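Student: Please construct the entire structure, taking both the sequences and the accompanying hints into account.
Chain by chain, the residues run as shown.
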Amino acid sequence: MTKSAYPMLTRRNLMLTSAMLAGGAALGGLSKGAAAQVKDMDMWYWGEQELPGLQKYVNDSVAKYKAASVKPMLQDTAVVISQFQTAAAAGNAPDVQYLWNGIYHMESVWLDYLRGLKSLIKPDVLAASNPTMLSHFGGDIYRTGWYPLPMFWCYNKTLFEKAGLDPEAPPKTWDELLVACDKLKSSGVEPLGGGIQDGYWSEWYITHSLPQQLDSLGEAVELFIGDKDFNDPKYHEHWVKLAELKSKGFLNKDMSSLELYPGIDLVVAGKLGIGQTIGTRLPVDSKATGGKIGYMTMPVFGKGKLAAMPVVDVQGLGISTNAEDPAAAAAFLEFLQSPEQLKAFWEATNWLPSNTTFDSSVIQDASVRGLWENWGLKPNISNVTNLMPGQFYERAAIPTGQQIVAGSITGEQAGELAAKTAKEWKDFNPDMVENYRKWVKDLSSPT
Amino acid sequence: MRTPLQPSNVAKQLVLLFAAFLALVPTIYMVITALKSDEEYAIDKLGFPHSPVLENFRSVLVDSPFLYWMLNSGILVAGAVMLSTAISVLGAYAIATMQFRGRDTLLAVSTSLMAVPPVVMIVPLFVLYTRLNMVSTYSGAILIYAGLITPFSVYLLVTFFRTVPRELYEAAHIDGAGQFTILMKVVLPLSLPALVTLIVVNSLYVWNDLLIAIIFMQDDAKRTLMAGISVFSGRYNNQVPLTMAGMVIASAPMFILYVLFQKQFIRGLMSGAIK
Amino acid sequence: MTPSSRLTPYLYVLPLVALLAFVFGYPLLRIFEFSFKMVRGIDGPWIGLRNYQLVLGQSLFWESVLHNLQLLLAIPVMVAISLIVSVLLSERVAGWKLYRIIVFVPFVLAIPIVAVVMKRMFQFSGPVNELLRWMSLDFMALDWIGSSDVALWTVMILIIWRESALGIILFLARLLSLDESVIEAAKIDGANWWHRLWHIILPEMRGVIEFYMVISVITMLAAVFSYIYIMGGGRGGPGTSTEVVELYIFNALIRSSLPGIASAASVMLFLVTGVLIFLLFRVRRRAENF
Chain A
1 MTKSAYPMLT RRNLMLTSAM LAGGAALGGL SKGAAAQVKD MDMWYWGEQE
51 LPGLQKYVND SVAKYKAASV KPMLQDTAVV ISQFQTAAAA GNAPDVQYLW
101 NGIYHMESVW LDYLRGLKSL IKPDVLAASN PTMLSHFGGD IYRTGWYPLP
151 MFWCYNKTLF EKAGLDPEAP PKTWDELLVA CDKLKSSGVE PLGGGIQDGY
201 WSEWYITHSL PQQLDSLGEA VELFIGDKDF NDPKYHEHWV KLAELKSKGF
251 LNKDMSSLEL YPGIDLVVAG KLGIGQTIGT RLPVDSKATG GKIGYMTMPV
301 FGKGKLAAMP VVDVQGLGIS TNAEDPAAAA AFLEFLQSPE QLKAFWEATN
351 WLPSNTTFDS SVIQDASVRG LWENWGLKPN ISNVTNLMPG QFYERAAIPT
401 GQQIVAGSIT GEQAGELAAK TAKEWKDFNP DMVENYRKWV KDLSSPT
Chain B
1 MRTPLQPSNV AKQLVLLFAA FLALVPTIYM VITALKSDEE YAIDKLGFPH
51 SPVLENFRSV LVDSPFLYWM LNSGILVAGA VMLSTAISVL GAYAIATMQF
101 RGRDTLLAVS TSLMAVPPVV MIVPLFVLYT RLNMVSTYSG AILIYAGLIT
151 PFSVYLLVTF FRTVPRELYE AAHIDGAGQF TILMKVVLPL SLPALVTLIV
201 VNSLYVWNDL LIAIIFMQDD AKRTLMAGIS VFSGRYNNQV PLTMAGMVIA
251 SAPMFILYVL FQKQFIRGLM SGAIK
Chain C
1 MTPSSRLTPY LYVLPLVALL AFVFGYPLLR IFEFSFKMVR GIDGPWIGLR
51 NYQLVLGQSL FWESVLHNLQ LLLAIPVMVA ISLIVSVLLS ERVAGWKLYR
101 IIVFVPFVLA IPIVAVVMKR MFQFSGPVNE LLRWMSLDFM ALDWIGSSDV
151 ALWTVMILII WRESALGIIL FLARLLSLDE SVIEAAKIDG ANWWHRLWHI
201 ILPEMRGVIE FYMVISVITM LAAVFSYIYI MGGGRGGPGT STEVVELYIF
251 NALIRSSLPG IASAASVMLF LVTGVLIFLL FRVRRRAENF
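Chains A, B and C, in that order, are what the protein sequence lines are.
The opening position of the first sequence corresponds to residue 1 in the numbering used here, with each subsequent residue numbered one higher.
The opening position of the second sequence corresponds to residue 1 in the numbering used here, with each subsequent residue numbered one higher.
The opening position of the third sequence corresponds to residue 1 in the numbering used here, with each subsequent residue numbered one higher.
Source of the hints: derived by calculation from the structure; they are not laboratory data.
Errors might be hidden in some of the hints.
[As the list claims (entries may be wrong)] Computed list of lysine-lysine pairs in DSSO-like fashion (alpha-carbon distance at most 30 Å, straight line): (1) A:Lys122 x A:Lys183; (2) C:Lys187 x A:Lys438; (3) A:Lys423 x C:Lys37; (4) C:Lys37 x B:Lys12; (5) C:Lys37 x A:Lys420; (6) A:Lys183 x A:Lys246; (7) C:Lys37 x A:Lys228; (8) A:Lys118 x A:Lys438; (9) B:Lys12 x C:Lys187; (10) A:Lys248 x A:Lys420; (11) A:Lys303 x A:Lys441.
The model shown is predicted, which means the values in this text are computed figures rather than measured ones.
Tutor: See below:
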């Protein structure tokens, strides 16, 4: 899983063609046989790449499903978005389409390629699948959740014990974190960090820290598009905190020259106390250490309503505007959320399906079960970095963390850079601003 | 005759030895690291492996589609080099041996295109290919590569064709041979060394390219070796010996060709050093 | 001449013209057009000079330009290395053919491969630093790829390492074509090694050195993408510390979906290289006249 989960990180590189296709895709288009016949559906999906076994699950489910004949196709990582948008523009998108969260599918919503699901799927099923706030737009919801990607801070319990810390009570507040780091350091291990050379650590840091000062995810979008100001101390506090960790010498020394996954491996190998990781790694890492990898939410410094909320990103499925019989497609999505199918999902992939009614008694590993109970079942928020325009992601989200960790800028300077980049985005993309502003309304309303 | 300032042969040897060492350092590091286990590399990053392991090579070949990537690169190299060579031979032959309007301009423009950086061309081509659904197609990428290497091919071939004695053309012409027959039967056989040079330099260029590969061959199934390497090194970035085994395998084809055909390579590089 | 034979040359060059028009002509015309448009999808409305204003007003663009200019510092080093090695090789010292095979190796290895290897070598706890510490040169054990201040210099080391091989190849080709009798004559006249190098060999090589320098300037300004992309983990960096104009264009096109912005930057890059190409032609003509 360690290796196969990596493709998820490269999604940013894949948005590629999406916006480009908006205008001209109609000229291309993929031929698609007799998809128009009733009860004969196409489903394009992705995920085998990060979740081995998913393909088998899909094939089995389709074989089992009698109400319609569903033809599944596993997509290449690079074309998940562009292939769908091209087909949709040409009027022959598949009935059911795999969708990454946030901006990765919202563009298709704005282009009117996807159907709202509120009127198609039973409300309780839709809610239980946790499509997350990032799927809300214009009062409707555009995905059902398929499988979750819990994101959290991990720590090595063995190292905690050695440092005289309670391995079952990780730090909850910022001050407790500083104390813990101090103790870890005096016990001879590097307290906190990972690898930031390829940039994803920067992204994940924002995922965990920025919401701490926010009252809603809509506030984040307002920041990214420059309607709110990163120069406001409240909004760059998280970078000041990162700089504090740096100046206190709590970050691992080779952090700047290591990449994300080798950095997490340091925690697993007992060379680093605390790091950032993702749920799909936990089964393997927990097994490798004999259950000595703990999980926690990022210790709290902020005062926003979202502080201390666990983060769960969710991959999902949607129904295209081209679907001839949307009700049939919706019935298939509901079928995938049925208790038997959730169980089959677990058995095929050894990973959790996204549904709060999933019977978690099948989970053997205590850490994985605990993670599901505390992340999947309790109130959670989704990954705020999925709301960023690509330009902000590349120019601000990644560089700020890297430069703070390298000691070359302060938290305030990171805020300045972010504010400047947000303003630049607005200058460069005047035609996109309204879509984002409309999205803010959905993201700011209570669920 | 010797003055104290004269560098001795020993000094010359030392300088060259040092240069040769520097030139080989990455290769040496790559090979010895590939033969180490993760554990040994963790302890000793510099020395030779105590008990060399081949496990890294095995897992690279089993777990990563290196051979498949190479096949993709091979298809692009073969397609682009053949297409470009055919087009350049025809064009260069006309430029070198025939009189026509615009000839000198054509040669001057073509030659100056040699120095235009590929990055300048990608935006419109990418937009066009997106519209025509040609992103991630072999033919699309082959066309771009063929275009990029053609200015050099034309330049080299024109230079070479001009060195072929005029009498040869004229004799063949008198014998009643048409232009195409002369080209095929007289000029091309004489041009074999130039063609080999072309093929060497152009194949290296296409094989080694990254920019066009990552933009125009985005599908997992169409990935070239160089684009594959960037994915591979990211995915296994925690296992340096494994990564190095991958790099050894990736560099093997060109390296073996270089050792086997060093004469052609060196001649090719020395006359085609512009690329 | 019959009409058909008058047409013959055009038939021969037709495929060539078509290919060059497609791969060079079409894009070079379109970047100018796109650079004045707000392109979404395949086209968009005219917005005059707005794209240029945006690009020139962005500090990141200037930072990128500055990085390209910094890379130019590598050129004198490359010239010096290439000169020393090629002159020694051309003297056919014992084993020169083997040396020649070896010093060309950097040019045969693909840039992405070398970049991956070098990146591991220069990791903070990698072999280069281990060696430096072993030699008690701890102060030199920098964070080669992790520090914003050092990363570009590390890339430069890689560029020098590989592009010097090109210099050696070029210079050696020129040296081996020199008229040996001149050098022999100088030897008999009692001119020492340095004297021969300075007064006889270097003047002969002026053309090829200028040629190599111009080629290298174009490389540094517009052909270092592979180095930067791989060393920086697929995006350059840390942060924007190794961002160059090529990467700026790549990011604008691929990651920000702004073909208009990418085109405006491309146009400016093309105009700069256009001037250099003109220079190159003059230099080459001189090189050929020698």
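Student: The structure should be examined with respect to each hint, and the outcome stated for every one.
Tutor: Taking the hints in turn, this is what the structure says about them:
The hinted pair formed by Lys122 of chain A and Lys183 of chain A fails the criterion: a straight-line CA distance of about 51 Å is larger than 30 Å. Pair hint Lys187 of chain C plus Lys438 of chain A does not hold up; C-alpha atoms about 83 Å apart against a cutoff of 30 Å. The hinted pair formed by Lys423 of chain A and Lys37 of chain C meets the criterion: a straight-line CA distance of about 20 Å does not exceed 30 Å. Proposed proximity of Lys37 of chain C and Lys12 of chain B is contradicted: the alpha carbons are some 59 Å apart, above 30 Å.
Between Lys37 of chain C and Lys420 of chain A the alpha-carbon distance is near 24 Å, which keeps this suggested pair within the 30 Å criterion. Distance hint between Lys183 of chain A and Lys246 of chain A is fulfilled; the C-alpha atoms sit about 16 Å from each other, no more than 30 Å. Our distance criterion of 30 Å between C-alpha atoms is met by Lys37 of chain C and Lys228 of chain A, whose separation comes to about 29 Å. For the suggested pair Lys118 of chain A and Lys438 of chain A, the alpha carbons sit about 18 Å apart, so the restraint of at most 30 Å is met.
Between Lys12 of chain B and Lys187 of chain C, the direct Cα distance comes to roughly 18 Å. Compliance with the 30 Å bound is thereby established for this hinted pair. At most 30 Å may separate the alpha-carbon atoms for a hinted pair to count; Lys248 of chain A and Lys420 of chain A meet this at roughly 28 Å. Among the hinted pairs, Lys303 of chain A with Lys441 of chain A is consistent with the structure: their alpha-carbon atoms are about 22 Å apart, no more than 30 Å.
The structure does not agree with the numbered hints 1, 2 and 4 stated previously, though it agrees with the rest.
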